[in-house]
Structure formats: C-alpha cells, structure tokens
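In terms of this note's numbering, the sequence shown opens at residue 5 and continues consecutively.
Just so you know, the hints here were simulated from the structure itself, not pulled from any lab data. Small disclaimer: the values here were computed from a predicted structure and weren't measured. Take these hints with a grain of salt, some might be off.
Unchecked claim - Label pairs and their calculated CB-CB ranges:
no.: 1; residue 1: 193; residue 2: 11; range: 42 to 50 angstroms
no.: 2; residue 1: 108; residue 2: 230; range: 28 to 36 angstroms
no.: 3; residue 1: 258; residue 2: 146; range: 16 to 24 angstroms
no.: 4; residue 1: 135; residue 2: 58; range: 35 to 43 angstroms
no.: 5; residue 1: 43; residue 2: 201; range: 57 to 65 angstroms
no.: 6; residue 1: 62; residue 2: 230; range: 49 to 57 angstroms
no.: 7; residue 1: 83; residue 2: 11; range: 32 to 40 angstroms
no.: 8; residue 1: 71; residue 2: 253; range: 18 to 26 angstroms
no.: 9; residue 1: 197; residue 2: 273; range: 51 to 59 angstroms
no.: 10; residue 1: 234; residue 2: 62; range: 47 to 55 angstroms
The beta-carbon is built from N, C-alpha and C at its ideal position, and this holds for glycine as well.
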Amino acid sequence: MSSPTPPVPRAAYFVSDGTGVTAETLGSALLANFPGIRFLTRTIPFVASEAEARSVVAGIDADAEAGLDPLLFVTVKNASLRGILSTSRSTVIDLLAGHLTELEDALGVTASEQLGNYHGLGDTDRYFARMRAVEYAIEHDDGQSARALDQADVLIIAPSRCGKTPTTMYLALQHGLRVANYPLTDDDFPTEGLPRAIRAYAGRCFGLTTTPLRLSQVRHERRPGSRYSSLEQCTIELRRAEDLYRRNRVPFLNSATKSVEEMSAVIMQTMKLRA
5 MSSPTPPVPR AAYFVSDGTG VTAETLGSAL LANFPGIRFL TRTIPFVASE
55 AEARSVVAGI DADAEAGLDP LLFVTVKNAS LRGILSTSRS TVIDLLAGHL
105 TELEDALGVT ASEQLGNYHG LGDTDRYFAR MRAVEYAIEH DDGQSARALD
155 QADVLIIAPS RCGKTPTTMY LALQHGLRVA NYPLTDDDFP TEGLPRAIRA
205 YAGRCFGLTT TPLRLSQVRH ERRPGSRYSS LEQCTIELRR AEDLYRRNRV
255 PFLNSATKSV EEMSAVIMQT MKLRA
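Make the full structure from the sequences, and use the hints.
Okay, here's the thing in structure tokens:
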C-alpha cells in the first residue's frame with residue numbers, strides 16, 4: 005500500500021524595511037497556530053528601495069509559479085514600497101498598516117515614513133541596558149562567576165541541558181534583565197538547602213525541569229552512550245532538582261514543551277519582573 009503524498013508546503017515571507025525581527029516574530033507567532041501546515045520561511049530585511057521591493061516580488065512570484073502559494077508578512081512603512089509588494093502573487097498580511105492608522109487617529113498626527121524607525125536604537129538608555137544585561141549573562145552563564153550575583157534580577161537553576169542558557173540570553177537581550185544561571189550537579193547533592201554559591205539569593209531563584217526522556221535525548225546529542233545521557237541518570241537528576249525546588253520554595257517550570265519566549269514570559273510574571 006503506497007504512503008499518502010505529503011501536503012505541499014506554503015512559502016512564507018517576512019519582509020521589512022529594518023532588521024526583519026518584528027515581521028519574523030509576529031509572523032511566526034501567527035503561523036504557529038497552524039501546526040498541520042509546513043511553511044518554508046524566508047526573512048528579507050532592509051527593503052528600502054523600489055528595486056529591492058521588485059526583487060522581492062520576483063522571488064515571491066517564482067514560488068507562486070512553483071505551487072507554494074506564498075504568504076507575505078510585511079513591516080514596511082513606505083506606502084510606495086508596500087504598493088509594489090502588494091502586486092506579488094501572494095496573500096499579503098500587513099503587520100503595521102491597520103495599527104498605524106489607529107495610532108494616527110488616536111494621536112492626531114501622521115506616522116513618520118522614515119525607514120526602520122521602529123528598529124533603531126530608540127531609547128538609547130534601554131539599548132545600552134540590554135547590552136550590559138547580555139554582558140552580565142555571558143559572565144554568569146553556567147555558574148562561571150559568583151561576582152555581583154546580588155545584582156541579578158533572577159537566577160535560573162537547573163540540571164544541565166534543561167534550557168538555562170537560551171532562556172538567560174533571551175531575557176537579557178529582549179528584556180534587558182540581568183540573569184545568571186547555575187547548573188545543579190552531583191556535587192550539589194545531597195543537600196537540604198540550595199547550593200552554597202547561590203544560597204543567599206534564594207528569593208531570586210527560578211528552577212527549570214523537563215522530562216527524563218527529553219533530557220536524555222538532548223544530552224545524547226552531546227555525549228551519546230554516556231552515563232550523563234542515560235535515562236536513569238536523567239531521571240535521578242530531575243527528581244533531585246524538583247525535590248530541591250519544593251523544599252526551598254523555588255518556583256519552577258517544565259521546559260519540555262515550552263518555547264524560550266513562553267518560558268521567559270512565565271519567569272517574568274512569576275518573579276514580578278519588568279523589562
């Protein structure tokens with residue numbers, strides 16, 4: 005019996021006059037609501053001229069000709085460039101137009117068409133705060149430094165490969181928070197309290213856990229066939245970590261089915277942190 009033919013994927017373009025971060029983030033969030041469809045995504049930043057816009061249209065039309073039925077997510081403020089992009093053989097989702105119109109009505113002024121304005125530094129104090137937060141996160145990744153832990157907004161603790169580092173970096177880069185993380189290892193057990201290095205900061209700790217199977221799979225990619233990646237070892241470490249969290253009233257989250265964005269949002273809400 006022949007296997008069913010897989011559905012044809014859809015092309016999805018994220019096009020911007022700036023870095024493309026806004027288009028990609030918002031567009032991806034929308035596409036995530038359709039898990040049964042496979043999307044071939046492409047981000048095209050810095051579309052600032054009519055020639056560049058027409059080049060994008062040519063690529064989209066080629067995908068349309070190939071049967072990929074493109075979607076186009078746009079964050080371009082210049083009306084003439086948006087007009088060119090709208091001629092493509094795609095379904096256009098303008099992520100700014102309606103909102104800008106609403107803001108213009110509310111504020112009584114016309115929005116600037118300066119390219120990439122919302123992708124620039126904006127508030128320079130906030131920008132440099134994010135950069136300092138990233139430097140702090142790098143210095144304090146994986147328990148490398150105990151210096152200035154009293155300045156941490158949150159301290160993420162977990163066994164190895166539970167998602168500490170990507171969550172730390174996301175909170176630093178996106179929200180400007182000073183985040184340290186600390187790996188729970190065999191040397192930290194048995195103990196009733198938190199490890200000595202972070203014991204004084206219990207009120208700032210947030211724990212991560214996952215499922216033993218997921219942890220074993222992730223560790224196997226790093227050290228295949230090792231005790232470190234065995235299901236038995238992963239089960240023991242996760243059980244000890246969760247017991248530690250509960251004994252010390254450390255809030256924690258299972259990262260197995262959560263994105264970095266979701267975990268960061270939960271951490272900020274639970275720890276009452278503001279960017």
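Open item on the list: Hints numbered earlier in the text: which of these fail when held up against the supplied structure?
Closed with: 2, 5, 8 and 9
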